[in-house]
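Starting from the structure of chain C, add chains G and E where the hints point.
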Amino acid sequence: MQGLTEILILPLIGAVTIGAFKSVAPRRLAGIWATVLVLASFVFAVVADLHLAGLTAGHREITVTLFNWVTGFGPPIAWNLYLDPLSGIWLLIITGVGGLIHLYANGYMADDPDQGRFFGYFNLFIFSMLLLVLAGNLLILLIGWGLVGLASYLLIGFWYQRPSAVRAAKKALVMNTVGDVGILIGLALLYVRYHAVTYSALFGAFSHASPGSPFFGWVAILLYIGAMAKSAQFPLSGWLVDAMEGPTPVSALIHAATMVTAGVYLMARLYPLLRLAPGVAYAVAAIGTFTAIYAASAAFFQQDIKKVLAYSTLSQLGYMFLGVGVGAYTAGVFHFMTHAFFKACLFLAAGSVIHGLGGEQDIGQMGGLYKKMPWTMVSFLAATLAISGIPPFAGFYSKEAILGQAFNSGHDLLWMVGVITAGMTSFYMFRLFFLTFFGTPRNTDLYQHAHEAPAVMTVPVIALGVLSVIGGFFGPWLNHWLRPAFTAYPGAPHAALESGPTVGTVLAVGLAVVAFVVAYALYIRRAVPARAGIERWPGRWMLAAYGLDTGWRDVAVVPLMAAGTWVRRQLDRGILTAVVGVANGIWLWAEDLRPIQSGYVRRYALSIMVGLAVVLAYSLMKA
Amino acid sequence: MQYLLPEILVAGSALLGLLAMVVVPKVRGLASWVVLVGFLAAGVDAATMWNVTPSLIVYNSMAIDKYGITVTELVLLAGISTILLAWNAEHFGEEFPVLVALSVLGMMGLGGATSLMPVFLGIELLSLPLYILAASRHTPEGGEAALKYLLLGAFSSGILLFGMALLYGATSTLIFVAYPGIASHAQVWLLWPGLGLVVVGIAFKLAIVPFHMWVPDVYEGSPTPVTNLMAFGTKVGAAIILLRILAFGFYGQAGAWGLLLGYLAVLTMIVGNLLALPQTNLKRLLGYSGIGHAGFLLVGIATHNIQGAQAMMFYLLPYGLAAIGVFAVIRLLEQGQDGDRGVILSDLQGMAYQRPWLATVLIVGMLSFAGIPLTGGFVGKFFLMQAALFANRPGFAVGIVVGTLVGLAAYLRPLQAMFQRDGVSERVRTMRWSAAGVMVVAVAVVGTIGIGVYPAPLVHIVSQSANFYWLKGG
Amino acid sequence: MFVVVGMSNASRIMGPQAPGGVKKATYESGIFPETPVGYFSVRFYRVAMLFMIFDVAIMAIYPWATSLSAMRARGFYDGLVFFGILAVAFVYVWRKGGFQWH
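Chains as they are written, first to last, in the numbering used here: chain C, 1 to 623; chain G, 1 to 474; chain E, 1 to 102.
The shape of chain C in the complex, shown without the other chains:
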């Protein structure tokens, strides 16, 4: 079995046992148990990957059929697990980074009375995500996909006492459901046409098809809608920012490192399909790039430490989609990996800050914290340098690979936007960094009580900080590792890492450095307050993310609400009874307009007679 089942089953055991015993077991035990299980799962993942590495390059995949799920009528569908180098990377990140975040959560949630529930959900999430990644066919992937959305819903709404958290959870679920439906329909189309849902069968069939058929276009668009919702691509992006209502470890694990990259995984997994739908591939890249610059500009004036990070996550996801869309699959995966390191580090460090300040998230209330929390500051700095693309930190290499290949493949415009976004990233990240850790403390009261987080929290942060520094050097290894996955089927001629033009590198790094200098000048030298610029036009507009939320409200929510209210009002007025009457049969007229209540037998008999007359008329017509 190569341990695939064990990888999957351990977090599930955790979720079930914690759920069952959370009221009787000691409160702290849940966190320890959950962490141990995820780390054990990590060990199994390493073993499985090592086993995978031992196979010959042409057959580097492991398939495990747990059991036949649906057999007998029509094409069989099995519970397949499938491990190849691509899912291997995701496994390591989910269980490895996930394990570190679990460890951190032990400290962060220590005071929460409900931590059993938290860790139960947390393990459920890990299980769902592993199921998604290890799925050997699209149906199992969809089940994992749905479960991930459910776990995310539960965790965003973890503090259900806050109305805003419940609202955010609902929003996330609704937007994700849009994506689920997209995948479901795409999957159904593929199933009806090919009578199969396994990757190998579908990709085998794709290999013989030629591009350009509208069928593939539709399927690819539907599946992309799923990826779009999960990875919060514009315009389905609003939920991710609201999702920050959940506890910070949730933001780090789900809404930065793993779940939101599921869309990237799906698109990379489906590269044989993208070959057949080049238009969709271009749309993936274009929408990704737009999301990147849109989110980066929205991050400029955010006041909440987690919201800045949320917009930066959106922006980085845009980069990953740019990479996948232009065919730079390895670069996209590379950026996913480094992003998991530095963004998890940033979120956890931000969590330490929030924890140290007793729950304060407004950067206008921070400042000067480097004295109080040196370890957090150093890790945060490493991750900030990484995300800003300063060499030799991790983000530089992966971002460079994506931009370089966008240039090489002739997407000049997308490349240009990407480079500008890199500079913007540097600006808003250093703005955040300076405002949080440097300058004079703006709220002396909070500052007095600030303290460094306990070791259980700082250790994961530092570990991730180190990974943010060295993560970029994994590039050549990753390139080698992923080659079998992207050469198995036609469709990824440029999957391997390439280096772009030197001028591009210089431009991107130069912009980042300039942005750093500008941020330094503004926020350290001139000590501009955090709220500067948000009163007037561009700032206020950017703070509200260009009114995307309001837009959604006007386009979708308000009309639906209005329709619902209208129906409700009609219902109160009794017209619904008439509508139901129509449904029950328009012959129910006169005295009693409420056929839902106990009605008259003669009417029921009349209904039967009318039905009988129709059936008889039909059969006589046929005869």
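Just so you know, the hints here were simulated from the structure itself, not pulled from any lab data. The model shown is predicted, which means the values in this text are computed figures rather than measured ones. A few of these clues could be false.
To be verified - Covered stretches of chain G, going by a simulated chain C footprint (3 or more residues, C-beta under 8 Å):
#1 127-139
#2 199-211
#3 430-442
Stated by the list, open to error - So, partial list: chain G residues that the calculated Cβ filter (under 10 Å) puts toward chain C:
#4 A41
#5 L161
#6 D217
#7 F382
Even glycine gets a Cβ: it sits at the ideal position worked out from N, Cα and C.
Okay, now just chains G and E, sitting in the frame of chain C:
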């Protein structure tokens, strides 16, 4: 003769139960035990006949095959769950188990029927005890339900009988398995109206729109265990006999009835689930949901392919398991304070926190009704959809999807009520567990999840039993 | 069917309709109606129904008896089973007091 042993065991247990209650009136609940043992024995005996070579018996009017055996097991499950849900419920009258046994006997007869005679006998035998059972709670609502059911049932029986007479006139035989050879040169002006009348007569029992109106009133007024028997057992009996008559007896004329049934199925799925939406009484909601599910079952018949037959047979069990689970929950709630009042949605308030296990049963049942993955209902709907697509009838598939979506909203409402935090309803607080109830919900939950996660064994059974076309040779 | 429905409703639709006091009064062969005599007691129906049920059984027993020689032992035993079932029902009704007037 030994092939009819399951039927004889059930009939014998009914008679024995009747005798027991007058000979030893002091021993309470003896009849329940007798009937329960009879059901279990019949189930075991039917299972041992699984590998018997299919054959026709009783002058070609009954068949012994896997189809009939599967039906027998299904209706016995319905009967056993009904007996268990009414365990120790003396106010239903001591004849309760005997009547249940007789009704189940009628359903079993339908499973093997290959002639119109046992079809009619089976339908009457399953209905007559139900008319009495519907009133066994001695409340005005129960009386109303029983009277309505009786009047309309008699009405539909008349239609059915008239249809059978026309079919006999057209073909000169009651043995409908012989029709494939005759139907093509029979007098069509007798044949088609006859078939139409028979379909309507059975559709009444199956609760197909527009023959469905009795369902919510009768479900609401009847005692919960009886509703359980109606929702599961009656539906099994009616659906499988409709399948056998149409898919076998009128095999060659599928063009004439397939599309008609399809229209009815789509209408039923959508109307049933739509009307389930505004319901506040849980049993009425289940009544409309039962109508909707009858529509799903009808899709399997209307597709007229082997996948459809298999899918319909498959769907019966997840539907039935979810139904008995939910009815068991209602029954347990009724064992709390003021038991005679119907359970309404606000009675579920706070159940998820106060009674998590009971809430779990309801969640599993409702999700299975709604067709959420990893429950049996999902797999069943999946097969039906597949059958519709294989039959090249995308319209049916669209109907299934629309019906499911509408139904989803209806089934989520009880769950929403259950998760409400402000306070716990009196009913939830005072409900009491009973051993028999626990048994029923355990089977329901384990079965529903089991079929959802690992449907292969059931699929194996069903694909063998739906293969009743062996009759063509005999 | 249309003919049947049509004819049964035609008179109602086409016929003259002039309900009046005299027309609606009960007609008792020239004798003026007095107060209603009341309903039969429900016990009467019970006994009548029980009589019907067991009486109908005769319909099956008579042909069985006349053709016993042709059906041989098998037919005889089948008939006994029928009797047995009938007897159980009889015992049940008897012990439940179904034959008592009060």
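Going down the list of hints, with the structure as the test:
Beta-carbon proximity to chain C at under 8 Å applies to 0 residues in the region 127-139 of chain G; the threshold of 3 is not reached and the given coverage is violated. Proximity of the region 199-211 of chain G to chain C, defined as three or more residues with a beta carbon under 8 Å from a beta carbon of that chain, is established by the 7 residues found. Requiring three or more residues with a Cβ within less than 8 Å of a Cβ of chain C, the coverage given for the region 430-442 of chain G is violated, as only 0 such residues are present. The criterion of a C-beta within 10 Å of any C-beta in chain C is not met by A41 of chain G, whose closest approach is roughly 30 Å, and the hint is violated.
Given hint, L161 of chain G at the interface with chain C, is violated; its Cβ is 14 Å from that chain's nearest Cβ, farther than 10 Å. The closest approach between the C-beta of D217 of chain G and any C-beta of chain C is roughly 5 Å, which is under the 10 Å cut-off, so the hint is satisfied. Hint status for F382 of chain G: holds, given a least beta-carbon distance of 7 Å to chain C, under 10 Å.
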